[in-house]
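Novice: Protein chains in written order, with the working numbering: chain Z, 53 to 514; chain Y, 4 to 435.
If you are wondering where the hints come from, they were derived from the structure by calculation, not from laboratory data.
Each hint should be verified, as a subset may be incorrect.
Computed cross-link-like contacts, PhoX-like style, restricted to lysine-lysine with a CA-CA straight-line distance of at most 25 Å [to be verified]:
{"#": "1", "chain 1": "Y", "residue 1": "250", "chain 2": "Z", "residue 2": "220"}
{"#": "2", "chain 1": "Y", "residue 1": "313", "chain 2": "Y", "residue 2": "165"}
{"#": "3", "chain 1": "Z", "residue 1": "324", "chain 2": "Y", "residue 2": "429"}
{"#": "4", "chain 1": "Y", "residue 1": "330", "chain 2": "Z", "residue 2": "318"}
{"#": "5", "chain 1": "Y", "residue 1": "250", "chain 2": "Y", "residue 2": "330"}
{"#": "6", "chain 1": "Y", "residue 1": "29", "chain 2": "Z", "residue 2": "412"}
Here is what each chain is made of, one letter per residue.
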Amino acid sequence: MQVSTLFLVIAGLVLFAYQLGLRRAIAVAGGPAKQRSLHSLPSYYGLWAAFWCGLPACVILLLWVVCQDAIITRLVVSGLPEQYAGLSSAEMTLVINDIKNLATGNIVSSQTNPAMEAAAAHYVSLRQTGRTILSVVVILIVFAGMLLVWRQINPGLRARNRVESVIKTFLLLCSVIAILATVGIVLSVLFESIRFFGMVPITEFLFGLNWSPQIAIRPDQQASSGAFGAVPLFTGTLLISAIAMLVAVPIGLMSAIYLAEYAHRKVRAVAKPLLEVLAGIPTVVYGVFAALMVAPFIRDLGESVGLSVASESALAAGLVMGIMIIPFVSSLSDDVINAVPQSLRDGAYALGATRSETIKQVVIPAALPGIVGGVLLAISRAVGETMIVVMAAGLAANLTANPLEAVTTVTVQIVTLLVGDQEFDSAKTLAAFALGLVLFVVTLCLNVIALHVVRRYREQYE
Amino acid sequence: MNSETTATVSDGRPSTIELVNRTLKKRYAAERRFRLYGLCSVAAAIIFLVWLLGSIVLSGLPAFQKTFIQLDITFDPDVLDISDPEDSGQLRTANYEGLVKEALKARFPDVKGRSDRRSLYSLVSDGAVYRLNDMLRNNPDLLNTAQSLWLVADDDVDVYFKEGAGDGGRLNEKQLSWLNVLVESGDVDQRFNWTLLTAGDSREPELAGIRGALVGSFYTLLVTLLLSFPIGVAASVYLEEFAPRNKWTDLIEVNINNLAAVPSIVFGLLGLAVFINFFGLPRSAPLVGGLVLTLMTLPTIVIAGRAAIKSVPPSIRQAALGIGASKMQTVTHHVLPLALPGMLTGTIIGMARALGETAPLLMIGMVAFIVDIPDGFLAPATALPVQIFLWADSPERGFAALTSAAIMVLLVFLVSMNLLAVLLRKRFERRW
């Protein structure tokens, strides 16, 4: 039976079990008239029966779907003749792919031989047997569950409490997924990074000034030293983020102040959603905008005043990234400016301060922790932003502070190292995970500090 | 202090009002300047928005039109090399290219020489050949008939007519003169580019479309929706209604808030390491893309869901509990239905963000050149934003317009999703 059909069969049986449990509960109570002698409503007995039938079967089905390929492949490999025993893991993968292709009737890369055809037949038969066993086991479990509940049901069974505790466990599991995701990120990045630091010393990675991850195939090859000093990437990221913040913080903060303190209600009603539109535009669109429109514009502008500007200048990427972050800064600042109590402003006005003096000397200092928190969050956004820099920043590592030159960033290097073919035992691929670890740690620190600052500030006025 | 502040000059010192008046002009000027800075910032942000959208629309609109050339095609069995019209194999592999060449030769009989001929043939796209192939296979009766057909022009011709370039772009003098002949006889026309919406990706700009990417995005988002909505609702219900206040709950909360701010590319690394390398799921599959995007959108949905549950007044819970409902019954019968619109709004906004997300999909290999329309959750696929990324990197000039056109389609989807969220909020928003 196909897994999908099996799933449908289980669904049908679960519905049947629900009805069965419901009827059985009414029957043991002594008919519909005496339902009140049951502990719970009859439908809870139905649900209890449905849970017993469906949940174990679904868990087994899921486990099988996840594991079947690994198990069957291992069985097939162990059944291969001895000539394949000494192959390296990469060659083995090729052989396994060929066998799978043979089994599904696809085109095979190398010449087939009888051993491989036998293995393919073995593979097909194992899949068949596996499916048959799975179907039998799952359906047996469904019926065993039904039988168990059938015998359990009596008027004293606390069906509602049991059903509710099952649902509660499900809810708990769902909220634990957030933790699992974090653990998954940390583990996946950490493990590969540790392997990377086994090949390249961590000090070289953190303090080296030379980044050229291409590893030489021939010893005399030019420009492929395989150097993993990430400092040029960090400075490049800093440069572009700094340009972005120089654009985003003044514009974002001033528009927040204007909209919160000066603008007429109607202006605010129009301008605020427009700013939020900037936040809703996908980053790839900003990337296209930076690469195809802003970068040529800046290059032509630079040439007209006699400057030589790289076509992938840090300025273009930083400028567009700043535009992207404007709404982020402005909406966060808007929140904290609005949270400053009106009484503070009234006090300043009463002393004869003008509006701008009130804002500069009372509102902003009062809102400063929140604004700083918002700016920190914005920096973490800028550091982790990928698509704009992938499309508009350079690829070659370049240790410079000149915004008119091309620099590369951490995220750009992660993408270039991992897009395309990879082998998971080369330092080149693993370097991407080490960069990912740095990125994750830096943004995490920025976020934790920012949230802390924002939260402490909020407590003051509430 | 009191006498000095109100008195006029008595001891040679200026009065307060004089002090104030002396700097008042300056202060008012500063006030106006400050206000102007604010106005300029808002204006700058809006100008950026207009510049961005304007340049995209301006460069994208031409891609919705395509240049066609009218030619008289004779379905000649000798040219086609078809001996038996009943044989579908012959119909499939017949020499349709020859038909186009014959038609062009007949149209311009005085073109001689191999290189001239070749540049003449290159005016018409390869897509014309596929179209003739389809026509004849669907209707074998066309054999031996002559048809006047509008055939797709090559992308260089297309770019020439759209941009009106004086130097003819990549076309040479002779090609331009032939095109002029065609224009004068009314055999060149611009028509709506249906290919853009119905075809998959292609190396030829005039044959490339976004349907494959749209379908890939659809499958990816379906997985995301099916997983993130139930899990997000369940998690927010648990955290808001059932969770005891202890360290573990705090840990979950901190985790969710942090996940919301983790750079998207890190989720891509997670997908690559866990789903592809550890669980052995295929690369480029919408299923993996959906799983990664689920983890990304989950925090958005949970945060929105918790806000929606919080806004349901406690009196409703107390009333339900008071007439004997269990905690679970209170939540499922009363709190959830009331909080659902808010949760749906959050989900739609999360989905809109997932639709525009590119970086994690690059990590899990949804960046391959895929011509076929994906037909399932495990088929190799790409997504609309990734398609935009791929086209933006292509050197041919024709792809620049296509990139912007694809962005326009993406923005239309995003705008409609956000509008739906706004409408939902307006329609179901309740103040208690």
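Novice: Take the hints in turn and mark each one as holding or not.
Specialist: Here is how each hint holds up against the structure:
1. Y:250 - Z:220: Given that 25 Å is the threshold and the Cα spacing comes to 19 Å, the pair holds.
2. Y:313 - Y:165: 56 Å, violated
3. Z:324 - Y:429: Holds, at roughly 18 Å.
4. Y:330 - Z:318: 45 Å, violated
5. Y:250 - Y:330: At roughly 23 Å apart (the allowed maximum being 25 Å), residue 330 (chain Y) and residue 250 (chain Y) satisfy the hint.
6. Y:29 - Z:412: 16 Å, holds
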